[in-house]
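Enquirer: Sequence:
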Amino acid sequence: MFTERGGRVAVVDFRAEAAQASADQLPGALALAADVSDEGSVRAAVAATDAHFGRIDCVLNAAGHAAAGPLGEWTYAEWTRMMAVHAGGTFLVCREVLPIMRRGGDGAIVNIASIAAIRAQPTNAPYGAAKGAVVAFSRQLANELAPQIRVNVVSPGRVRTAMTEPIILARGDGDWDKGMEISSRFNPLHRICDPSELADAICFLLSRRAAYITATSLVVDGGETSAPTMVVY
Numbered sequence: 051m052f053t054e055r056g057g058r059v060a061v062v063d064f065r066a067e068a069a070q071a072s073a074d075q076l077p078g079a080l081a082l083a084a085d086v087s088d089e090g091s092v093r094a095a096v097a098a099t100d101a102h103f104g105r106i107d108c109v110l111n112a113a114g115h116a117a118a119g120p121l122g123e124w125t126y127a128e129w130t131r132m133m134a135v136h137a138g139g140t141f142l143v144c145r146e147v148l149p150i151m152r153r154g155g156d157g158a159i160v161n162i163a164s165i166a167a168i169r170a171q172p173t174n175a176p177y178g179a180a181k182g183a184v185v186a187f188s189r190q191l192a193n194e195l196a197p198q199i200r201v202n203v204v205s206p207g208r209v210r211t212a213m214t215e216p217i218i219l220a221r222g223d224g225d226w227d228k229g230m231e232i233s234s235r236f237n238p239l240h241r242i243c244d245p246s247e248l249a250d251a252i253c254f255l256l257s258r259r260a261a262y263i264t265a266t267s268l269v270v271d272g273g274e275t276s277a278p279t280m281v282v283y
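Position one of the sequence shown corresponds to residue 51 (the working numbering), numbered consecutively onward.
Hints listed in this document are in silico derivations from the structure and should not be mistaken for laboratory results.
These figures come from a predicted structure and were not determined experimentally.
With a straight-line Cα cutoff of 25 Å, these simulated DMTMM-like cross-link-like pairs (lysine to aspartate or glutamate) come out:
id : residue 1 : residue 2
1  : K228      : E247
2  : K228      : D244
3  : K228      : E274
4  : K228      : E215
If you anchor each label on the Cβ, the simulated ranges turn out as follows:
id : residue 1 : residue 2 : range
5  : A220      : S257      : 30 to 38 Å
6  : F254      : E128      : 28 to 36 Å
7  : S246      : A71       : 15 to 23 Å
Ideal placement from N, C-alpha and C gives every residue a C-beta, glycine not left out.
Sequences and hints are given; from them, build the entire structure.
Expert: Here it is as structure tokens:
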């Protein structure tokens with residue numbers, strides 16, 4: 051969607067082949083392999099992007115992984131990885147792109163959080179904590195970087211992505227249609243968000259149409275966070 055609107059994109063993934071597969075579908079895109087939880091890896095990817103394009107105007111921090119389970123079953127290493135990828139990766143990318151974005155005059159950053167940062171979910175405490183950190187960090191950063199650079203958050207609900215597809219399948223006991231039907235019950239619109247709908251929200255916040263919007267979180271969840279929670283006595 052960003053390239054359709056005239057932008058050029060550097061696709062960064064910790065798997066080089068995945069980055070290349072995405073970049074191959076986008077005119078003029080650059081594919082890079084990097085681990086967002088590794089400082090040197092992030093620095094190299096940002097430098098390569100700057101060397102290739104000569105500028106960075108917009109940044110989308112969407113790297114992440116899903117893991118859930120009772121807190122007593124989590125190891126400290128698993129907790130640390132969750133925080134390092136989601137919160138740490140967002141911090142590292144933002145820090146490394148800032149000198150380049152400032153050189154360009156202005157720009158916009160969108161960080162991906164989750165409704166797990168807003169609403170408690172069963173056995174999802176570490177993920178929710180990591181995404182909550184992204185929200186808080188983004189709000190602070192927006193204040194620090196204004197008025198030159200805008201920073202906003204998109205907090206998705208249930209979206210069909212490579213990360214969520216295994217969850218949807220598991221929810222349906224291996225039956226995709228059953229998993230989608232069950233997943234659609236969680237929000238008032240009774241459906242899963244299409245990736246293009248999430249992209250619309252992201253591209254809006256990155257564009258000059260959102261020039262007066264910063265330090266905010268746009269929730270794209272089909273109304274899930276507004277729906278009442280059922281309590282049975």
